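**Student:** Going down the list, the sequences are from chains A, B, C and D.
Going by our numbering, the residue at position 321 of the first sequence is 321; the numbering climbs one at a time, nothing skipped.
So the mapping is simple: our numbering equals the position in the second sequence, first residue as 1, plus 417.
So the mapping is simple: our numbering equals the position in the third sequence, first residue as 1, plus 834.
So the mapping is simple: our numbering equals the position in the fourth sequence, first residue as 1, plus 1169.
I should point out that these hints are in silico values taken from the structure, not numbers from a laboratory.
Quick caveat, the model's predicted, so the values are computed rather than measured.
Check before you lean on any hint, since a few could be wrong.
[Said to hold, decoys possible] Here are the computed lysine-lysine pairs in the DSS-like style, where the Cα-Cα straight-line distance is at most 25 Å:
#1 B:K739 to C:K1042
#2 A:K322 to D:K1213
#3 B:K517 to B:K785
#4 C:K1042 to A:K393
#5 C:K1018 to B:K517
#6 B:K810 to D:K1432
#7 C:K1018 to C:K1028
#8 D:K1432 to D:K1377
#9 C:K1018 to C:K1097
#10 A:K100 to D:K1353
#11 C:K1042 to C:K1028
#12 D:K1353 to D:K1363
#13 D:K1377 to D:K1363
#14 A:K393 to A:K100
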Amino acid sequence: MANTSRLHLPPTPSRPGERPDFSYLQISAAGEVPRPDVNARARDIAALSVEMVRVLDEADDAVGPWHPHLEAEELQVGLRHMMLTRAFDDRMQRNQRAGKISFYMRSLGEEAVAVAQGMALRPGDMLFPSYRNQGLHIVRGMSLVEMMCQLLSNTGDMCKGRQLPVMYHSARQRLFSISGNLATQFPQAVGWAMAAAIKGEDHLAAGWIGEGSSAEADFHQALLFAAVYQAPVILNVVNNQWAISTFQGYAGGEQRSFAARGPGYGIAGIRVDGNDFLAVHAVTQWAAERARTGAGPTLIELVTYRAAAHSTSDDPSRYRAKDDYAHWPLGDPIERLKRHLIKHGGWSEERHRALQGELEATVAASWKEAVTHGTLNEGPRLDPDLMFEDVFKEMPANLERQRQAMRAERSGESWRK
Amino acid sequence: MANTSRLHLPPTPSRPGERPDFSYLQISAAGEVPRPDVNARARDIAALSVEMVRVLDEADDAVGPWHPHLEAEELQVGLRHMMLTRAFDDRMQRNQRAGKISFYMRSLGEEAVAVAQGMALRPGDMLFPSYRNQGLHIVRGMSLVEMMCQLLSNTGDMCKGRQLPVMYHSARQRLFSISGNLATQFPQAVGWAMAAAIKGEDHLAAGWIGEGSSAEADFHQALLFAAVYQAPVILNVVNNQWAISTFQGYAGGEQRSFAARGPGYGIAGIRVDGNDFLAVHAVTQWAAERARTGAGPTLIELVTYRAAAHSTSDDPSRYRAKDDYAHWPLGDPIERLKRHLIKHGGWSEERHRALQGELEATVAASWKEAVTHGTLNEGPRLDPDLMFEDVFKEMPANLERQRQAMRAERSGESWRK
Amino acid sequence: MNLVQALNSAMDVMLGRDPSVVLMGEDIGYFGGVFRVTEGLQRKYGEHRVLDTPIAEGGIVATAIGMAVNGLRPVAEIQFADYIYPGFDQIASELARLRYRSAGDFHAPVTIRTPCGGGIRGGQTHSQSPESIFTHVCGLKVVMPSNPYDAKGLLISAIEDDDPVIFFEPKRLYNGPFDGDPGKPAVPWSTHPKGEVPEGHYRVPIAKAEVVRPGSDLTIISYGTMVHVAQAAAAAQGIDAEIIDLRSLSPLDEETICASVCKTGRCVIAHEATRFSGFGAELTAIVQEHCFWNLLAPIQRVTGWDTPYPHAFEWEYFPNQARFAAAFRVAMESA
Amino acid sequence: MNLVQALNSAMDVMLGRDPSVVLMGEDIGYFGGVFRVTEGLQRKYGEHRVLDTPIAEGGIVATAIGMAVNGLRPVAEIQFADYIYPGFDQIASELARLRYRSAGDFHAPVTIRTPCGGGIRGGQTHSQSPESIFTHVCGLKVVMPSNPYDAKGLLISAIEDDDPVIFFEPKRLYNGPFDGDPGKPAVPWSTHPKGEVPEGHYRVPIAKAEVVRPGSDLTIISYGTMVHVAQAAAAAQGIDAEIIDLRSLSPLDEETICASVCKTGRCVIAHEATRFSGFGAELTAIVQEHCFWNLLAPIQRVTGWDTPYPHAFEWEYFPNQARFAAAFRVAMESA
Ligand SMILES: Cc1ncc(C[n+]2csc(CCOP(=O)(O)OP(=O)(O)O)c2C)c(N)n1
Ligand SMILES: Cc1ncc(C[n+]2csc(CCOP(=O)(O)OP(=O)(O)O)c2C)c(N)n1
Ligand SMILES: [Mg+2]
Ligand SMILES: [Mg+2]
């Protein structure tokens, strides 16, 4: 039967043993894409959704209408956040390999997405991250110790042991609780934005999902409700080309850009070089202004590459070429911003190396502190009683009884009757 | 709080007491929209999704590249099917009002959609209708008596009494079982088409939903899977402007056409005057050829008007202007084809009147026959034992026991123990 | 008031008292809802507090969660309980567990109202009673009133509750109590004591059952429409039944239930939903565990059959007085 | 074979025998699935028989239904049972009821495979056991094997079945039986008699429970991982338990269950899922109804607590041998 099949299957351009072929990627030259007014109607700027906004050119200069003209100091902060994100990831990856944490997910190669976007937004804006946007938490100032305690499910864990590692949150820093269920946060972000509009507040909401997750129904609900109510929301699809082993073509990326879904719903769609810190910042600011001035929601596709494994449970050598990232045409976001800053921002290899050393030391010191709150195998440990809290605001009688039973069970007593 | 709200709410242009205002509707002139090659790439023909394919002009002539050049006889058959659909609807509506059936849903004003599309497809193509596409059943030759028996849930009911009126099906005629749950059939149609492609068969699938239903997650799943696997499927959104009391703006129609969702997913999208029999036929044939030649799926938006109430349980005077349909700019599909045929197809007012009389007589005769299989209040009646069949292919023991219990209950015996 | 008016009044009161309360759903705004439960509220409180929505139950629940996280108290209507499933993932995976997974730092006080149950010739897609499924999801409160007074008080409690509440409305009771006999003339709520509903604010507590009739022969545990059928059936069979209207399914008032069964020693449990893994199963399990030594006969369940709700056989499907009578016979047996 | 290999073998056999069988799911094709259950099958049968899909559980189920209506027998994988809810509407409203609503003119022989259960540090979104919810949906068959032999035979039966089957795979058992003690070294399936799995085609019938250990003190009814924990717990407590592995939850083999409990007079029911409205409730209700006069003590349930499955408290949550021991004590009491 397979012989006669006429079913189309999206190609995967980089399987083990093959030479990675990224020629499918449509890349605009830096500076090439025009920057429309933030109040432009979605229907009039559809081209933005298939071109690619880029600012940093091959010579490491910032060019074109999307050049955000940020201060060198701000760019240095951005570089620092990205480097810290990567240093944190590196160390946590090694910690997992050493059996010190049970699970981890890196954002290697996509640090510009979360960091530049986080910096382009205001503290009052509410962020609905996925599990691969730790740069947002870094930008918002969540302490490394706090993040590590979450990874350790120890007594400092903000989730009180209920969530898998990397599922951080902070109400105070307006970082929404990360869900293990893909894409659910996307329409929730729209709802948050609708409420902001109903209350007449100036804040916007921003949500992030992977390109693979855009296949979920929640993606559609988010775009639809955002379009209908013109909610002040930024919907970000991080197209890192892979969803575990599955290439972006299986999420629909073979036929059209993900940003192009936006104009289909009457939402501004914009595609950006996700490894170009300046372009990502500029595009996010443009979308934020759009939202704040009542011009409606924006769908941003951030084109990047998942340079590392999906998670510490994953082995990408089973499904993609080993040296794939070396061939990735959009380069590395940290390298690119570094080179730009060396040329234009008073940066240097020396300062870079020094900063790298400083950040690694910070991470190491934080880890030292974090483990004092408990490790995987050694105390202090969260009280298992906590298992029964927060199911409801107030514990109902049956949960109280079960808690007693669990206590008895642990103490070796009989607890029935 | 409402005072400060900045939430956008889509306008509704025709509320009770207002003069209906259809100026929002973007209408192309007949003959104006180009007809691209059936193998054109979706991305190159995005304009089709916001223009409106029309063939019949103000002078009742058929013009332009989409003119399907059908034989007069075929058009007369189309006219007949539309008139039969309307005659059937009229009579069933009156039957419901007279208490002879419990519920009914008319397709008044949208008859061209189902009839022209049904005629443009082949008998081997599988149809996944919504509840308002009875023209498909008429075209495929489902007998009126069979349809009426379904409406009566009598002994001739193909659903054996399990479904609400109008939820017909016929495996032989390749008419899928209609679901009360909106939009579920859309991705099912895609799956059917995927299987046809896998088996290397030439058949296509076509699905229909209302514009209101396009808000459901199933709409997204259908478009996505159709795009990814380039399934041979035609996905039809019947935009009759209303979803019960809710105007199409609340399904996203304020911002962009429904057809425009197609190009966003990399699917051909095409918007057509749904009250223009010739245009609907031409567009459907174009999409069918596309599917059969492996050029992929098509999303068709059929712009029409729900001239009647949503159902016999609905009272549109509560939410829309009374004389709305009189102001609808795309006219009445039967009237328009009739005028064209009088001018060009050997038709006449006399033949029209005669046909009308004949069809009413057919409907009346069919009703007479249908009620011999049972009415709402008089026998013969379906055996309640049937309630327990077809839950599974073979009845499990617990259902057999429940059937016994039900029998005992009905006979007034005790059946426990 | 009838049950529709009581629900309407509850929302009216809450919209008036609390500016963070918003209503949302399909056809609920301008039109006032297909069952007219929100009639007049958009006119009174504005389009920004009473929102018409797309036909997208998943989107309705998801955006309600986001709105709640941002300080509102959304009351979302799902037009029929049969259509709640597209929103199931957002309910079970998100709404129910947000407080837990964020250790209380986030929560979403959303109320989801939805008409359920049969007896209105709605066929298999307008008659379902899916409450049992929701009772299995930790973190949700699940309630179902059986009369206008409780409906209003419970809905106010639900809206004020900081936990999510799934609020089932037995639609067969909207216009009057129903004793299971479709042949009898309809009775309006005005003839029923629970049809007397105060205009203003009051609460009926969640997690508290009501003994609607004390008795000594056996205990009937029920909720929604079946409370009325049970009363009629017991009366018809001359059984001095203690009848409990649960009102809240989760959290459950185990105390009231078990006290009653331990007293009477006999128990019949009734709901409209299909039997297999219906809520009657959990009730049976709890009662047999706590009242085992007092039970004089096996607990009986009166339920819908394990089939979809068939349009043409509505009254053969509906748990009627005859089905109660048969259950009474077994429950009244002795060893 | 271990349980993963047994499932793989079942699909291999069926892909080879029946050209209408197709597999579909997230990461199941080239990669062979995150648990490697479909490893090598795409290479062997081609990309058109073993389909990678978008991450869209709703779309997977919906297109599987359409494919089945067009003559195929899709076996769809949902990567984790926790992620089945986006497909719930298509399962409950469509897949389960297509045959019924079309009076048998259409049907959709779809098998949905999904790994469930905890014990792998998966936290609240990779550990759920939602089987009870599916048993409440008429028209679905629901099965869960506890060992490789049954897994293969049941999966072949499921694929060949003309009704839809939800096939739960207790993922903690993929690589070996598990007695509930995470401290003990892992045991491979090769040491277990049910790890011996024939290469070719064979069936284990749906709707037939297995008495995995005869006994006279009490009856333990269980399925999936708990079958092994129950055995270890009974052995540890020196209880001569009759242990029943249900294998099929719906349709249920009531006969085997009730015969056993009527014989022993005592009953413990065990599952990993949360207790409230879990499948143990239905089992309790059936047993007490049919064995009431034989029961010597209240039926006890050994289950997960009524909370989400918390990452850090996995072993306080997991129904362990101590929980069984406590249940045994009550079940062995006498009046
Ligand atoms: C509803 C749901 N389905 C499946 C999964 C399993 N899963 C976790 S991550 C993942 C891949 C997501 O890929 P993408 O959205 O591209 O994000 P990325 O990992 O590339 O950042 C899958 C399938 C899940 N967590 N939730
Ligand atoms: C999942 C689901 N949600 C809600 C409903 C209730 N409902 C039935 S028809 C309808 C309106 C549908 O409007 P549209 O899709 O535009 O189709 P039309 O009636 O205009 O043909 C609604 C909300 C339903 N049947 N199924
Ligand atoms: Mg990705
Ligand atoms: Mg409509």
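**Student:** Checking one constraint from the list: CA of K1042 of chain C to CA of K393 of chain A, max 25 Å. Satisfied?
**Tutor:** Status holds; Cα separation ~17 Å.
**Student:** Between the alpha carbons of K1018 of chain C and K1097 of chain C, is the straight-line distance 25 Å or under?
**Tutor:** Violated, at roughly 34 Å.
**Student:** Below or equal to 25 Å on CA atoms is what counts here, so check K1432 of chain D against K1377 of chain D.
**Tutor:** holds (19 Å)
**Student:** Regarding the pair K810 of chain B and K1432 of chain D, is the alpha-carbon distance no greater than 25 Å?
**Tutor:** Violated, at roughly 33 Å.
**Student:** Would the pair K100 of chain A and K1353 of chain D pass a check requiring their Cα atoms to be no farther apart than 25 Å?
**Tutor:** holds (20 Å)
**Student:** So if I understand the rule, the pair passes when the alpha-carbon distance is 25 Å or less; does K1018 of chain C with K1028 of chain C pass?
**Tutor:** Within the cut-off at roughly 20 Å; holds.
**Student:** When you check the alpha-carbon spacing of K1377 of chain D and K1363 of chain D, does it fall within 25 Å?
**Tutor:** holds (17 Å)
**Student:** Does the structure keep K1042 of chain C and K1028 of chain C at a Cα separation of 25 Å or less?
**Tutor:** Distance of about 17 Å is within 25 Å: holds.
**Student:** Starting from K1018 of chain C, check that the Cα of K517 of chain B is at most 25 Å away, please.
**Tutor:** holds (20 Å)
**Student:** Within a Cα-Cα threshold of 25 Å, do K517 of chain B and K785 of chain B meet the stated pairing?
**Tutor:** holds (12 Å)
**Student:** Is it true that the CA of K322 of chain A sits at most 25 Å from the CA of K1213 of chain D?
**Tutor:** holds (24 Å)
**Student:** Quickly compare the C-alpha distance for K393 of chain A and K100 of chain A to 25 Å and report which way the hint goes.
**Tutor:** Violated, at about 33 Å.
Checked against the numbered hints listed earlier, the structure breaks hints 1, 6, 9 and 14; every other hint is satisfied.
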